[in-house]
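> Fit chain E to the given chain V structure using the hints.
Each chain is listed here by its residues.
There are 2 protein chains.
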Amino acid sequence: MMKPEYSAVLVRYGEIGIKSKQTRKRMTALLARNIRSAIKENKLPIEKIRREWGRIFIETSEPEMVAEITARVFGVVSCSPVAISPATIDAMLDVGFELAQSEFKEGLSFAVGARRIGNHTFSSQDIREQLGAKILMELPELDLSVDLSSPQQTVYVEVRNERAYLFAKTVEGVGGMPTGTQGKVVCTVSTGLDSPIAAFKVMKRGCIPIFVYFDNTPHSQEACTDLAIRQAQVLADYIYGFEVKLYIIPHGPDLDVIKNCAVERATCIHCKRNMLRLAREIAILEDADAIVTGEILGEQASQTSHNLRVISSAVCDYPILRPCVGDDKVEILEMARNIGTYKFAEEAVSCCSLAPQYPLLHAKLIDIEKSEKEMDLSILHEEVKSAQIEYLRRGRSEPRH
Amino acid sequence: MMKPEYSAVLVRYGEIGIKSKQTRKRMTALLARNIRSAIKENKLPIEKIRREWGRIFIETSEPEMVAEITARVFGVVSCSPVAISPATIDAMLDVGFELAQSEFKEGLSFAVGARRIGNHTFSSQDIREQLGAKILMELPELDLSVDLSSPQQTVYVEVRNERAYLFAKTVEGVGGMPTGTQGKVVCTVSTGLDSPIAAFKVMKRGCIPIFVYFDNTPHSQEACTDLAIRQAQVLADYIYGFEVKLYIIPHGPDLDVIKNCAVERATCIHCKRNMLRLAREIAILEDADAIVTGEILGEQASQTSHNLRVISSAVCDYPILRPCVGDDKVEILEMARNIGTYKFAEEAVSCCSLAPQYPLLHAKLIDIEKSEKEMDLSILHEEVKSAQIEYLRRGRSEPRH
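Keeping their order, the protein sequence lines are chains V and E. Okay, so the first sequence: first residue is 1 according to this note's numbering, each after it adds one. Okay, so the second sequence: first residue is 402 according to this note's numbering, each after it adds one.
By construction, these hints were calculated from the structure, which means they are not laboratory data.
Subject to a maximum C-alpha distance of 25 Å in a straight line, what follows is the list of computed BS3-like cross-link-like pairs (lysine-lysine):
| id | chain 1 | residue 1 | chain 2 | residue 2 |
| --- | --- | --- | --- | --- |
| 1 | E | LYS420 | V | LYS364 |
| 2 | V | LYS259 | V | LYS370 |
| 3 | V | LYS385 | V | LYS259 |
| 4 | E | LYS570 | E | LYS506 |
| 5 | E | LYS730 | V | LYS25 |
| 6 | V | LYS40 | V | LYS169 |
| 7 | E | LYS444 | E | LYS570 |
| 8 | E | LYS730 | E | LYS744 |
| 9 | V | LYS343 | V | LYS329 |
| 10 | V | LYS48 | V | LYS21 |
| 11 | V | LYS105 | V | LYS134 |
| 12 | E | LYS420 | V | LYS343 |
| 13 | V | LYS373 | V | LYS385 |
| 14 | E | LYS744 | V | LYS19 |
| 15 | V | LYS169 | V | LYS48 |
| 16 | V | LYS329 | E | LYS426 |
| 17 | E | LYS730 | V | LYS19 |
| 18 | E | LYS660 | E | LYS786 |
| 19 | V | LYS25 | V | LYS48 |
| 20 | V | LYS169 | V | LYS43 |
| 21 | E | LYS730 | V | LYS329 |
| 22 | E | LYS420 | V | LYS329 |
| 23 | E | LYS570 | E | LYS441 |
| 24 | V | LYS21 | E | LYS730 |
| 25 | E | LYS422 | V | LYS329 |
| 26 | E | LYS765 | V | LYS19 |
| 27 | E | LYS426 | E | LYS441 |
| 28 | E | LYS570 | E | LYS449 |
| 29 | E | LYS774 | E | LYS786 |
| 30 | E | LYS765 | E | LYS660 |
| 31 | V | LYS169 | V | LYS134 |
| 32 | V | LYS40 | V | LYS25 |
Derived DEER-like restraints, expressed as beta-carbon distance ranges:
| id | chain 1 | residue 1 | chain 2 | residue 2 | range |
| --- | --- | --- | --- | --- | --- |
| 33 | E | LYS441 | V | LYS329 | 28 to 34 Å |
| 34 | E | PRO757 | V | GLU398 | 23 to 29 Å |
| 35 | V | GLU331 | E | ASP768 | 38 to 44 Å |
| 36 | E | SER503 | V | GLU331 | 33 to 39 Å |
| 37 | E | GLU453 | V | ARG277 | 43 to 49 Å |
| 38 | E | LYS765 | V | GLU103 | 51 to 57 Å |
| 39 | E | ASP777 | V | ALA345 | 50 to 56 Å |
| 40 | E | PRO757 | V | ARG160 | 31 to 37 Å |
Backbone N, C-alpha and C fix where the C-beta goes; we use that ideal spot for every residue, glycine too.
Isolated chain V (complex conformation) (with noise of 0.2 Å):
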């Protein structure tokens, strides 16, 4: 069987398309901007990114390949390896064939779907009636039927002018917008299922992640960082074209402060406290917008709405934005197995041995706030300077505003 002779891939954008002529420009140009930076960095060949109709098309030798790359990138709905046909009936219909012959299995329905613009001697339906037809006596082998209604495999011709671009497969993006149309976010991330979501939550809205992730040592198993570690790679693998950094903090000294100064049931609220404000600290070292944590409601006793409410007072400046605290648990374990987290839950390690038993439900913050009184906080900065830095992407260090 001949391989379709695909030279293109047609990328599908969504949410851009509904913008304003000026966003839509800026997003799309940063779209195809992160989508060469996807290919480039898998080291396939590359011709041209062209942006019209509303779509973006890449020229390249790897059509198939290339397509499964684009897919990853932030911003695609879906994208389509095309192969390229003048405009003329017999072109279409001889590469049109070629593509149901490559991609359509055995005993299913099909259709051709067909849109033209330009001034042709043929009409749309002329193409899906003489195309269908050709298909199905030519191909009896396949025991193909027609159903126009909802097919189970379709080859699609557009025609622009004087060309036409011909598809029968189409593979999913993983959607949202472009890495970089929105700004740095500090994303806090631990070894467990819920932060890696939010997250992830956020890059796909656009945003660029600064990863933070909290050291408990000697409080925690010595396995959790280098779980962390893996984990932030795992998202950190659906970034292109910027750079992405996670902070390992050594928090071990804040919470043998916290031990020591606060009262057992409240150690929690401490800990979160505390962890808001390094996050802030690296917030306004890289000139972030907002703090990103994976809180639900309800989930720990310190995830209470009072206690988010004594836990999220500990920083003013900057939003803590919370994309999972209206998730359940098995939308939270969906999405885990979609992005490719879930597997380090499976290693489940104890990441912190400070944790109550009886945690409070209902912190008092004029309490708390007394407790921090007697902490010595002026170590904060300390941590952070002695943090370490892992370079987990490298590209452009600041979004284009």
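Chain E in isolation, oriented as in the chain V frame:
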């Protein structure tokens, strides 16, 4: 065909099951209470609600209607009308056969599921084999086949000591955590798609919503307020056993002040800061824990990560929860369809005529604060006082801690 003699509803809950014993007890009690409110409100009969074996059993003479209502109560993962029989093989076979006869559809595969606790002369496997054989042999007209790995329909038998609970259908529940396991939260709702989803998400996690709608008259179409009330009512109807209020705050006078004092391109930033301040007033009045908004990163110019920071800084002492901040528009649309708020999107009315054509993407906080100094913000308290309050649901007005 005989209708099976259902006499109870078996209720399954999810996340509650993995809580500590103490928390689980508190939460199942609240769930049982909310279910009772839902059934009573719908004027359905209820004999008794029992909590046992990690399940809730509702004894009622209308199990099928009660199951439909119960499935809408937050915290319920699924529920099934059940028939109860003595734990003898003969009795279970009779009842199980009746269920299959009544519920099974023609031509599909089936299986029998069985679990057993207690001392009996038969095993779970005995039940599966004998009931399976009886159904297959005595219902030839249904043309059934056995499929143990992925059956299309199933009869379940749960034996608990001297009683057996049998069921053959399951109603999917709304999931989440029981209303009142979290505190009250102020949910700002507009006539748009996003804010109702944000409210629903925190409600699903157990929060009691206080809805706030900002009436922009004369800068909005007249239909807006009515639309907002109807939309909030759809949401409120998911709450059982607790009071739900909607504050309608006259926001037109503030918009006049903003229009006169602010740079046009910053209108939405000022408006959102103002709405947060008003929401905070309601939070204080209602003893709420947080403010909830429908903001989505990058969806509008006022929702860039940068602008979210500028907007957020208007309120420091309450967390601003944005459960949709990392969602795509396609995800929002799907949820709106499931929840029942999508229909309002078709009534699309313009609820603010002041939105600028070229809004600021990167507002400077210092400029915003300077403009605000020229505004008379004393007006805020007056507006909250003159708010109209709609009672969308009657019930307990405080969570139980």
